[in-house]
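Could you put the whole structure together from the sequences, leaning on the hints where they help?
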Amino acid sequence: MIDAKAIVKMAVSDGFDEAVAHMYMAKRSYLKIANAKVDSIVTKFENAASLFVSSKKRVFFTNIDKLEKNDVQKALGRAKQAMPLLQAKEDYNGLAEGPFKYKKANPPDKKVRDISTEEIADIAYAAINGALGKHATNVAGTVLVGYSEDELVTSNRAHASGSNSEVRLSLRAFKGTNFSFQDAVASSRLGEIDAEKTGGDAADMAMSADKTGRIENGTYDIIYMPSPGGSLLYMTNSMACIGNVETGSWFTGKLNKEVANKDITIYDEGDMKDSIDASPYDSEGYPTQRTTLVANSILASYLHNYSTAKKYKTKSTGNAGLVEPNPNVMHFRHNKKVASVDELVRNVHKGILVTNLWYTRFSNYLTGDFSTVPRDLALYIENGEIKFAIKQKNVGSIVGIRVSDNMIRMLKNIECAADDTKQASSWEAEGEYFFMPSILVREAKVTVA
Amino acid sequence: MSVIANSISGADEAEYAIKLAEKQGIEYAEAYVENSYGSSYALEQGVLNGSAAYAKTGLRIRLVKDSKLYTFSTNVLEKGNIRKAIERFRGFRGVDTRFSPEEPLKARYKVADKISVDDHDLLADLVQVDKALSGRKYVKFRSLYGGAGRSMTYFTNSQGSEIVADLPAVSSVMSVIVGSGTETRQRVIQFGATGGFELMKLEDMERQAVADAENMMKVLEKGVTLGHEELKKIKNVVMAPEIAGIAVHESVGHPHEADRVYGREAAQAGTSYLNPGNLGMEIGSKEITLIDDPTLKNSYGFYLYDDEGVKAKPKLLVDRGVQKGLLLNREYASVLGTASNGSARSDSYSNEPLIRMSNTYLKPGKATFEELISEAKDGVYIKNFMEWNIDDTRSFERYQGNEAYLIKNGSLDKPVKNFVIESNTIDFWHAAKLMGKDLGFSIGNCGKGEPMQGVPVTMGGPTTLLSFGKGRS
Chain P
9 MIDAKAIVKM
19 AVSDGFDEAV
29 AHMYMAKRSY
39 LKIANAKVDS
49 IVTKFENAAS
59 LFVSSKKRVF
69 FTNIDKLEKN
79 DVQKALGRAK
89 QAMPLLQAKE
99 DYNGLAEGPF
109 KYKKANPPDK
119 KVRDISTEEI
129 ADIAYAAING
139 ALGKHATNVA
149 GTVLVGYSED
159 ELVTSNRAHA
169 SGSNSEVRLS
179 LRAFKGTNFS
189 FQDAVASSRL
199 GEIDAEKTGG
209 DAADMAMSAD
219 KTGRIENGTY
229 DIIYMPSPGG
239 SLLYMTNSMA
249 CIGNVETGSW
259 FTGKLNKEVA
269 NKDITIYDEG
279 DMKDSIDASP
289 YDSEGYPTQR
299 TTLVANSILA
309 SYLHNYSTAK
319 KYKTKSTGNA
329 GLVEPNPNVM
339 HFRHNKKVAS
349 VDELVRNVHK
359 GILVTNLWYT
369 RFSNYLTGDF
379 STVPRDLALY
389 IENGEIKFAI
399 KQKNVGSIVG
409 IRVSDNMIRM
419 LKNIECAADD
429 TKQASSWEAE
439 GEYFFMPSIL
449 VREAKVTVA
Chain S
20 MSVIANSISG
30 ADEAEYAIKL
40 AEKQGIEYAE
50 AYVENSYGSS
60 YALEQGVLNG
70 SAAYAKTGLR
80 IRLVKDSKLY
90 TFSTNVLEKG
100 NIRKAIERFR
110 GFRGVDTRFS
120 PEEPLKARYK
130 VADKISVDDH
140 DLLADLVQVD
150 KALSGRKYVK
160 FRSLYGGAGR
170 SMTYFTNSQG
180 SEIVADLPAV
190 SSVMSVIVGS
200 GTETRQRVIQ
210 FGATGGFELM
220 KLEDMERQAV
230 ADAENMMKVL
240 EKGVTLGHEE
250 LKKIKNVVMA
260 PEIAGIAVHE
270 SVGHPHEADR
280 VYGREAAQAG
290 TSYLNPGNLG
300 MEIGSKEITL
310 IDDPTLKNSY
320 GFYLYDDEGV
330 KAKPKLLVDR
340 GVQKGLLLNR
350 EYASVLGTAS
360 NGSARSDSYS
370 NEPLIRMSNT
380 YLKPGKATFE
390 ELISEAKDGV
400 YIKNFMEWNI
410 DDTRSFERYQ
420 GNEAYLIKNG
430 SLDKPVKNFV
440 IESNTIDFWH
450 AAKLMGKDLG
460 FSIGNCGKGE
470 PMQGVPVTMG
480 GPTTLLSFGK
490 GRS
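These protein sequences, in sequence, are chains P and S.
The opening residue of the first sequence carries number 9 in my numbering; numbering runs sequentially from there.
The opening residue of the second sequence carries number 20 in my numbering; numbering runs sequentially from there.
Just so you know, the hints here were simulated from the structure itself, not pulled from any lab data.
Cβ coordinates follow ideal geometry from the N, Cα and C atoms, glycine included.
Warning: the hint list may mix true and false statements.
Think about it this way: if two alpha-carbon atoms lie no more than 30 angstroms apart in a straight line, the pair counts; the simulated DSSO-like pairs of lysine-lysine are [as the list claims (entries may be wrong)]: (1) K262(P) <-> K150(S); (2) K150(S) <-> K401(P); (3) K456(S) <-> K427(S); (4) K103(S) <-> K82(P).
Computed beta-carbon distance windows for the label pairs [unchecked claim]: (5) N317(S) <-> N137(P): 42 to 52 angstroms; (6) Y128(S) <-> D212(P): 50 to 60 angstroms; (7) D212(P) <-> R117(S): 30 to 40 angstroms; (8) K65(P) <-> E240(S): 37 to 47 angstroms.
Right, dumping it as structure tokens:
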């Protein structure tokens, strides 16, 4: 087996100006829960590498499928074949110059690495039994268990390595066929997942839909719980990446301009210790960091790699992406905090508590106009009290409402948040984690079925 | 090694896996090998921001042991790795999974790429399209992505099936934002086919990119925004094939996936308004007949055998308004006591096959475009869309017109901005009154499952007159 250093050496010997070799080994198991039983398990094991090379400002990216010298030569062959066809990227300014020192990441949980299919099924059954014990009538979900190791070497003397573990339990508990509640818990440590409690909590929420009603088209205050709120706002980090800014994002032309409520802070977290996704280094081996994107109403920064930072006469934010900068982890904070979701509810005259959503689609990424569909459980609020679970049609678990909004308008109208920040995730934003509290957004447009 | 699979790297290991699984007393085993390669380009604002190529070989094994379904995938094709995966699977408490009995098949098929995916200069095409757009001042942002590649797969199972497929594919996605003053509009245009570059011609991409950009500007500069009272009066909507296609896909195709109907996807891509108790229900007017057909030649969703080795065929989902069939894999065919209709697909060797659509379309009628507009008399014609969504039971959908026009006295009139169809699925399809003869398809990559899998599909239909009796709110 060949190592990352040798891959870079081969690339440089072949005449490329720069090279980045990123080797990774990942094992991930996905258990599917359906109809309150374990349905099936999928295990994926991959041991491979990616290779980035540049030559006279022409850049090229490929994979190394097998970690053998022969496969590296094939990858370099693809690069050599492609180079004459490529245009120079005149604004490319090269890779970051190492060596770098990195912060120490939390060690991975070895129990996650060594877990068996039976043990993964045990997690699922703890969650299922937790939900059924609280009278849920059906349960669906996923248990994801992942372990990975990686090593990154660049021709500019960056050398980094790390390992990571991840456990995620996503659960949807049903009350009959009409109502459900879905949420997910995640941690890098197996011992921190309380599957039975997660199942029980999901069932409690689903069972709370004891009174149902319909609402009219109109303007409503919306409380988004961490998962739906995060699945909307994690896109702020993506849209602050300079590649998206250059091709049309709602942050294009908005640097140092007012984009949000004055009490909001949004970070891009690269090296946050508790984050499952965070890594001490980015894809060119540059140390990651916390970057403040939004503070005091203002869009404070775009996200850069070394090359784009040089183009814009600023510093890398540790967001390479070799082709283009990528976001790290979105972390939302609000200075105006109340104790709980219940207290947010008390601040609403006419509104909706949204517990989950999906199908967020934009009519224009430059303006940030979008609509999104609340699902599972949405509760109507009047005069500070939850009145009923919204059910516009008697078809399965449909809620039957749609929120139409604009990202900048939404950011400006997030009036306060609950003190319940969690590392949330959503099927809508698959593969992403974000640190997000429940938030109260004033006056969004809602249409109904 | 099988003669059929003699050109596939990893076929030996696939056969080794099947034999080993049989020795372990496993009830059913299948192996799927993928050899694929391709290249892609990202041209943004005229700058080649990314160029990439890949070549991969991987193996997926599916086992049913004590009626429990387990899938293992890897790019490490060492026999020790495969043996470890098979031997270590000791089952779990859970759903009893059975597969429908299917006839073992041996086949090898290939789609030709007349203009080869290996030789054609796709980047030059993208540069040409970009030039056509960049010369227009009102085009503010342009991002063009294109890719081409080939996938060779080998499927074999413990029941004796052996199937090799050789499928080249081409695709491109173009995002264009036009603007004047502070107002802008965005459109995403996709091309794709199974085959070579003869199916994705530069002149077609260029023509559509330019036409759509020009038309968006017409809407932006001359379009009217309808007020609440005007909207309420609109009862007739003529939707072009692009809108018919997305509606077919979202509100008829997805709910006909049996794994949604029976709850397997409930925590991921959702459920369905169909359930085991209401199959055979009336979904729409007698004008609508919907079909999913993977065998459409050179289509983006083309295949002749699915990823469980079942022969593909056209599937009638809705016949003259009445729900008829579901999309099935072997697992749900077994649940229903029938045969699979070949709807199992995976986006790569590394993921499990799921029940998926392929090319799903609304059967055309006989009306000409002029007849449809004339019949509508007053209303709105929607040519294409940008924003759309639907709830997870597929009952409440929305399509926002990007390019749309008022219909007045049976003729197209001025452009209209942001006209939205927001409707309940059953009302929507009952409003289908008259179908055009101009069946058209658009392409997409459809997402489902966890981990998310995107598979190539087409979505089609004719220009269709929807007549909402009660008007719209």
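Original post:
Looking back at the numbered hints, which does the structure fail to meet, lowest number first?
Top reply: 2
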